[in-house]
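Number of protein chains: 2
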Amino acid sequence: MSTAISLFDTTLRDGTQGEGISLSADDKLKIAKKLDTFGVHYIEGGNPGSNGKDIEFFKRAMSLNLRAKLTAFGSTRRKDSIVEQDANLNRIVESGVKAATLVGKSWDFHVHTALQTSLEENMAMIYDSIAFLKRNHLEVIFDAEHFFDGYKNNPEYALAVLKRAEEAGADWITMCDTNGGTLPTEVYDIVSSVHRELNAKLSIHTHNDCELAVANTLAAIQAGARQVQGTINGYGERCGNANLCSIIPTLQLKMGYHCIEQEQLAQLTNVARYVSEIANVHMPVNQAYVGNAAFAHKGGIHVSAILRDSRTYEHIAPELVGNKQRVLVSELAGQSNILSRAQDLGLSLDSNNPLTKEVMNRIKDLEHQGYSFEGADASLELLLREANGELKELFTLESFKMIVEKSVDRPVVSEAIVKIRIDDESVYTAAEGNGPVNALDNALRKALIQHFPSLKEMHLSDYKVRVMDDQDATAAKVRVLIESTDFNNHWNTVGVSGNVIEASWEALIDSFRYALIGQKKVANNIPSDTQRLGLVNH
Amino acid sequence: MSTAISLFDTTLRDGTQGEGISLSADDKLKIAKKLDTFGVHYIEGGNPGSNGKDIEFFKRAMSLNLRAKLTAFGSTRRKDSIVEQDANLNRIVESGVKAATLVGKSWDFHVHTALQTSLEENMAMIYDSIAFLKRNHLEVIFDAEHFFDGYKNNPEYALAVLKRAEEAGADWITMCDTNGGTLPTEVYDIVSSVHRELNAKLSIHTHNDCELAVANTLAAIQAGARQVQGTINGYGERCGNANLCSIIPTLQLKMGYHCIEQEQLAQLTNVARYVSEIANVHMPVNQAYVGNAAFAHKGGIHVSAILRDSRTYEHIAPELVGNKQRVLVSELAGQSNILSRAQDLGLSLDSNNPLTKEVMNRIKDLEHQGYSFEGADASLELLLREANGELKELFTLESFKMIVEKSVDRPVVSEAIVKIRIDDESVYTAAEGNGPVNALDNALRKALIQHFPSLKEMHLSDYKVRVMDDQDATAAKVRVLIESTDFNNHWNTVGVSGNVIEASWEALIDSFRYALIGQKKVANNIPSDTQRLGLVNH
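First to last, the sequence lines map onto chains A and B. Numbering-wise (UniProt numbering), the first sequence opens with residue 1 and increments by one. Numbering-wise (UniProt numbering), the second sequence opens with residue 1 and increments by one.
Calculated directly from the structure, the hints in this document are not laboratory data. Mixed in with the good hints, there may be bad ones.
Simulated crosslink set (BS3-like; lysine-lysine; CA at most 30 angstroms straight-line) [what the hints assert, rightly or not]:
hint: 1; chain 1: A; residue 1: K446; chain 2: A; residue 2: K406
hint: 2; chain 1: B; residue 1: K79; chain 2: B; residue 2: K134
hint: 3; chain 1: A; residue 1: K357; chain 2: A; residue 2: K419
hint: 4; chain 1: B; residue 1: K477; chain 2: A; residue 2: K456
hint: 5; chain 1: A; residue 1: K324; chain 2: A; residue 2: K477
hint: 6; chain 1: B; residue 1: K401; chain 2: A; residue 2: K401
hint: 7; chain 1: B; residue 1: K134; chain 2: B; residue 2: K59
hint: 8; chain 1: A; residue 1: K34; chain 2: A; residue 2: K201
hint: 9; chain 1: B; residue 1: K477; chain 2: A; residue 2: K53
hint: 10; chain 1: B; residue 1: K446; chain 2: A; residue 2: K406
hint: 11; chain 1: A; residue 1: K53; chain 2: B; residue 2: K357
hint: 12; chain 1: B; residue 1: K134; chain 2: A; residue 2: K419
Source: prediction; values computed, not measured.
Can you build the whole structure from these sequences, using the hints too?
Structure representation (structure tokens):
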């Protein structure tokens, strides 16, 4: 039996301290569900004492019935006060969570400088706060902030803080490298000392200011820690937190620890990309394990060796983490993914079908142009059904024109003129909107609704734009992802162009087309199929 | 005296194996000059045996008279051949460099699978090739490819390879973790063993496939290696090479080794950003030491502690690596963040100033509308300077009109018409673009450049769009963030509107305004102020 490591995810709390990361309550709920399926053991959702948005999140998250322990974050009581009257600690208890992370000081310099209180009062604050939460039947994870800096400065005091937390009943004691300046050998030595002195279970929380957060986490595990605190993609303040996407596979595939099931580990790449999409943060192509280039080989000698035996230039099989090998010159990857997707849809595209090669080439060509079907299931399904010859075009575009006009002191005006053909009829309409995409959406909807009244029930629920080439940014290619809903169903479509309006138009068109085939299916009452298509209840 | 570490930069060779990295001979020369001033000891320029572009580079680089040793890369002679007749090795000698890196196999599996020769012949290939280069008076760095995988599989053979290289006269012996799958403890143990067995100077070359390249490099140094091979920003195949921008400051500031002079280290951030500009690769904001967010503080509590003593949340003084502290303004923070930002700018907005309350209310109001200044330093600075009454408007908008037109079978067309007022003159221009924002950028630039020719040097380097309310997505508010650069500086601006075009327009205008006040300051030569503003040398 391999030793189990507990995974504590703080993407939703410490992760949002990262520059440019801002998550709505909806975003947080989506990520929490994903993390839960992935198999992390604790999901730190936020600080119910600091703002109303987090209280709202905890309320809604309760109804998700997660297997993971939903965890609230807060600080020890204020100095010179009574713990029962501490508003933030009461807020944690009221939030109804079963586990709480409590942060306290363990660096004497910080007690003096930041808290401006005595070393004794700091100890009392920690003891009282943990004991209070324990009396209220919560599991308590005590985060010793700046523990390593504290230990280096005053080892007796830093250790005494941890012992006090243990006496108060803390279930886990977390050693935090808050400033991210500690080296792996220091982490190993210090955690080893703590491990000899304490009985409580130990946890590690590191930051990436020296590009060492992953190594520091591994060193702590080797020294006896049994819980890892980190975030998906390493999001977090300054240089970020320890990246769970690198730590989990290394612990499990290389060091013999057990974190999650193998099938869950095979979701790693998907989880990383999903969270980056929700957070609207560009994922570096060269990110370890999960990046698009993590198993990409540029021509020449490497490629011919890879073709003989992939172990020649790959440290693990990419499938173990749900990633794939890419040979950058002639890309053959992905075929099996797409075939299995076609099978899911009940389409007869197998590798013996001559259509298969054609649709594979088409998809490869589109991906080369910048399309990405990972976040656009509905567009992929339309492509596959089209290749299978089962899609009748319900309408075609003849032209559109979009005008945005702004004069000083007058509000901006957007209007769209759309000309489409439905059967033999040409429909020519115009509409305003409070933005160009909204104007296009309105004009297109107006044209279509006369023939397809059921479209009234659908609307766009999310709209994302990503610029794909960072250089000369406004001249680069743009990918638009649109999520649509008719309340029961959600579907995602994609458009790509050098022009954000054209890319939006493409994604809009796909969204309407998908709504029409979906509604037709529901009307025809083919439940097994629609279930598989994700057209209901998803 | 602290121990000296030799720095071997391979940005121009291994770095260009990274996906999306492609450098012209001109680019390479620019980077070589920068690296030389920065103080690296070896600059590996390419493989003269593999392509003519690299031969051309070496020819031109010779005339730069670099202090660093220009180094050529190549493989050991072909199997079953005579070394004197090896075209690639002769090419290295002919290139005129004084040092060469020679890569050879040290993993028995690779000898069999990739080379398809015998273990004895591989040894002979290594011996002959090194001896040949030594006879031609070159310094030889022997790169033992896959050394760690080789050692784990067959330690006797892997060590025998290194000994053979030593016998042949190699000046440096490099242990490569080519596949990036080795852990720091393994690196430490293996390098320690090698250090006991060999007399030659040892070098370390790691890859980042487990996000451990930096830690592995440090572990090798601790075990006795005295040279580091790596790249600027960690560019390289798959997940990249060891990142010199993280390794150098950690070795020098935290571990007591000597790599370069302190004044050179203070150029680190500039070097990192310069290379990322030349390589056309966007730099992650959270990159260790040199990222724009590496010393950025968001949380309110963190900020008030930082103002008391920056060591509370900074592991080093950012100036040591040429970076700077930034206080991010966000909903999580409060008035103290904005005041400290104003102080940084030398503005007299303190809490007793009546203007302060006014500007705070203005910022709060804008944030309520959806503006976020956390990723838009330049827009915030413009607001603060405006409130302080020190901003003269250099131009004003009268109107713009933007048209996007698309007919079936014809490419989409975008054009923008812009009317602005500069002093008393009205400037009316139009331009096309390959998207609406590009068209606006082109038209505005065309109008402004006549009066402000220095704007030629700036360009947009990143463009981000975020939809802020998920409901009714295309009618929701949109936030646009634009990053601009003029090579030395980066600045970020924000625009918000229900209309993506109007939001982009706002962010564009701020970007141009900021460029103009920045350039004016540099021209007026106010070093203390511009230094603080980060407008020069950063």
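Hint by hint, where does the structure go against what was stated? Just the numbers, ascending. 3 and 12
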